[in-house]
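Note that the protein sequences, when read in sequence, are chains E and H. Here the first sequence is numbered in my numbering, starting from 1 and rising by one per residue. Here the second sequence is numbered in my numbering, starting from 1 and rising by one per residue.
Some hints here could point you the wrong way.
Said to hold, decoys possible - Within a straight-line C-alpha distance of at most 27 Å, the following computed DSSO-like cross-link-like pairs (lysine-lysine) qualify:
{"#": "1", "chain 1": "H", "residue 1": "K310", "chain 2": "E", "residue 2": "K138"}
{"#": "2", "chain 1": "H", "residue 1": "K310", "chain 2": "E", "residue 2": "K133"}
{"#": "3", "chain 1": "E", "residue 1": "K224", "chain 2": "H", "residue 2": "K27"}
{"#": "4", "chain 1": "E", "residue 1": "K306", "chain 2": "E", "residue 2": "K96"}
{"#": "5", "chain 1": "E", "residue 1": "K96", "chain 2": "E", "residue 2": "K58"}
In short, the hints are calculated from the structure, not lab data.
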Amino acid sequence: MSKTLNREGLLEAYRTMRTIREFEERVHTDFATGEIPGFVHLYAGEEASATGVCMHLKGKDCIASTHRGHGHCIAKGVDPIEMMAEIWGKSTGSCKGKGGSMHIADLSKGMLGANGIVGGGGPLICGTALASKMRGDKTVGICFFGDGASNQGTILEAMNLATVWSLPAVFVAENNGYAETTSSSWSVSCDNIADRASAFGMPGVIVDGFDFFAVYEAAGEAIKRAREGGGPTLVEVKVSRYYGHFEGDQQTYRADGEVKKLREEKDCLMQFRRHVTADGEISNADLDAIDSEVLALINESVVRAKADPKPEAADLLTDVYVSY
Amino acid sequence: MDHSSTVSVGIIANPASGRDIRRLTAKASVFSTAEKANMVQRLLGPFGALGVEQVLMMPDTRGIASAVRRAVETNPARELPAWPRVEFIEQDLLGGPEDSQVAAHLMEQAGARIIVVLGGDGTHRVVAAAVPAIPLATLSTGTNNVFPDWREATVTGIATALYASGRVARQVALRRNKRLRVELGDRIEIALVDACVTRLTHVGARAIWEPETITELFVAFAEPDAIGLSSIAAMIEPVSRDAPYGAHLSCTPDGRRVLAPIAPGVLESIAVDHFGRMEPGVPHLVHAERGSIALDGEREIEFHRGQVPKVSLELDGPETLNVTETLAAAVALGVLADSRVELELQ
Numbered sequence: 001m002s003k004t005l006n007r008e009g010l011l012e013a014y015r016t017m018r019t020i021r022e023f024e025e026r027v028h029t030d031f032a033t034g035e036i037p038g039f040v041h042l043y044a045g046e047e048a049s050a051t052g053v054c055m056h057l058k059g060k061d062c063i064a065s066t067h068r069g070h071g072h073c074i075a076k077g078v079d080p081i082e083m084m085a086e087i088w089g090k091s092t093g094s095c096k097g098k099g100g101s102m103h104i105a106d107l108s109k110g111m112l113g114a115n116g117i118v119g120g121g122g123p124l125i126c127g128t129a130l131a132s133k134m135r136g137d138k139t140v141g142i143c144f145f146g147d148g149a150s151n152q153g154t155i156l157e158a159m160n161l162a163t164v165w166s167l168p169a170v171f172v173a174e175n176n177g178y179a180e181t182t183s184s185s186w187s188v189s190c191d192n193i194a195d196r197a198s199a200f201g202m203p204g205v206i207v208d209g210f211d212f213f214a215v216y217e218a219a220g221e222a223i224k225r226a227r228e229g230g231g232p233t234l235v236e237v238k239v240s241r242y243y244g245h246f247e248g249d250q251q252t253y254r255a256d257g258e259v260k261k262l263r264e265e266k267d268c269l270m271q272f273r274r275h276v277t278a279d280g281e282i283s284n285a286d287l288d289a290i291d292s293e294v295l296a297l298i299n300e301s302v303v304r305a306k307a308d309p310k311p312e313a314a315d316l317l318t319d320v321y322v323s324y
Numbered sequence: 001m002d003h004s005s006t007v008s009v010g011i012i013a014n015p016a017s018g019r020d021i022r023r024l025t026a027k028a029s030v031f032s033t034a035e036k037a038n039m040v041q042r043l044l045g046p047f048g049a050l051g052v053e054q055v056l057m058m059p060d061t062r063g064i065a066s067a068v069r070r071a072v073e074t075n076p077a078r079e080l081p082a083w084p085r086v087e088f089i090e091q092d093l094l095g096g097p098e099d100s101q102v103a104a105h106l107m108e109q110a111g112a113r114i115i116v117v118l119g120g121d122g123t124h125r126v127v128a129a130a131v132p133a134i135p136l137a138t139l140s141t142g143t144n145n146v147f148p149d150w151r152e153a154t155v156t157g158i159a160t161a162l163y164a165s166g167r168v169a170r171q172v173a174l175r176r177n178k179r180l181r182v183e184l185g186d187r188i189e190i191a192l193v194d195a196c197v198t199r200l201t202h203v204g205a206r207a208i209w210e211p212e213t214i215t216e217l218f219v220a221f222a223e224p225d226a227i228g229l230s231s232i233a234a235m236i237e238p239v240s241r242d243a244p245y246g247a248h249l250s251c252t253p254d255g256r257r258v259l260a261p262i263a264p265g266v267l268e269s270i271a272v273d274h275f276g277r278m279e280p281g282v283p284h285l286v287h288a289e290r291g292s293i294a295l296d297g298e299r300e301i302e303f304h305r306g307q308v309p310k311v312s313l314e315l316d317g318p319e320t321l322n323v324t325e326t327l328a329a330a331v332a333l334g335v336l337a338d339s340r341v342e343l344e345l346q
């Protein structure tokens, strides 16, 4: 049974989701002080999506992320300490402090980068998936994108190309209900992004993005299909973000109490904890211990990020060109 | 039958039906939002022509209701046959099965004589549980469509209107169905076709497509030409919709092998070691000490060590519209043919 996680796997899933949450909550707090340069888009609320997908991936599998990329990075194994330094613009960051939140990348982990171009990840993943297919190494590429990107030509072209070439790719549409401030129920013509899959000749499924197990099962089947040469799949994850499009967004387009209700009734960490502790397989103390370890890690990441040096002026001229 | 003088019909079109993981694991059908909206419109013509005065429709945030609203607004301009008055139920939408439950309750309170349901087995289960006293006209837009009819919506629309307007009597138009009652402590759920106990400890992506995960199966009916889990029982001994009993079976790896289509596109060999009838009203205790229970193909209930779910068969399940019998009766009564036309019948 591909879908059953053992105790170790369940604890790993929780640790990943908790790390993403703690990281994002801390960036939310620290950004308000004005010390963090640039722009941040937080992933809090959507943790089950990145975690449920990336737990099926191996080191050489690739993911392409979005402007809301911190969760994807952590789930794919990028070091949170280097990530925090990157967001603080420090030379110890994942990209030596030159990228910031929206351009965190770590090719050694198969993380092609957060991406400021909405819909930019689709063509990248077609590229890596074509390389996988030509090498024949059974690796896969995952394109995370949002409801806004689902209307972009790049994503539609990428899904077409992935089917035409039968690429080992999975398109994960994280539909959080809003493209910046525009409701997806208004802007996505067919309303369910998954409905578009059949037009490209690929399967399209919808899963509850607050339920880790639902995402994990669906992503597992899609990734297995891709690895076995079955071609691409579109997985629409219905989810919601807890914060604004960016930090500072007043969110006047959201209903009163919308986020509060989601946090109280649907939160992925809450549901996960309730589920895995129900029959004593994992105790609340086990999970509390992970909470403490994660909190310590994130605290350390901030302390180090604040203390680490900024890039020098001379660094402006390094890493500009790549020779093949 | 009717506590309201208005001939009123409800429509619940589940925007989420036909989209789960079985599109991926089993090549199951896709029913797009546009097709569901088209099906609703194909109901409205017969409704308007055959005396339905008011349609109460469930709203949704996924585009079915808005497409119908646009069609209603343009219908007179296109000089099409008159449709009944279409009113959208006022309710807070949560995006889950509770939307169908709330809509069904509000339709019942508003005097709907019958509710047309567009969905699969799961959607029909939800509506049947919410309003057990209201008959359902069933249309398949789901994955496993064992309970609802596979039928052109126009024809279902004709039969629905014939019943709702009183042209065909209840005794002819409706059939009584069985149901399974699943109890876990204070929680009580129903299933219309099957209740399947699985080793999977979480609800997760809900569907079941790997036979080795199945430990027990309870069926209200099992027809050899049906898709889904009930087909396992049907391949051993069919149980008709009208039979006053159901069946149950358990699975072990060294049992008798049964080949059955447990999901669209999935023909699997399942090892069955016990098969027996279910008599109505007799509770069966689930043997597994932990796992989940799928109701009509979708995992809904998780149970843990120390909890023992009970499953029993009930004969007083929901009433559904028998489209074939209703139309045959209408023809016999001369409802649909102009009596001024002289026909030479041989």
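Taking the hints in turn, this is what the structure says about them:
1. K310/H to K138/E: At roughly 45 Å apart (the allowed maximum being 27 Å), K138/E and K310/H break the hint.
2. K310/H to K133/E: Violated, because 50 Å separates the two Cα atoms, which is more than 27 Å.
3. K224/E to K27/H: Cα-Cα ~15 Å, so holds.
4. K306/E to K96/E: OK: K306/E and K96/E at ~14 Å, within 27 Å.
5. K96/E to K58/E: Between K96/E and K58/E the Cα gap is close to 25 Å, so the pair holds against 27 Å.
Checked against the numbered hints above, the structure breaks hints 1 and 2 and satisfies the rest.
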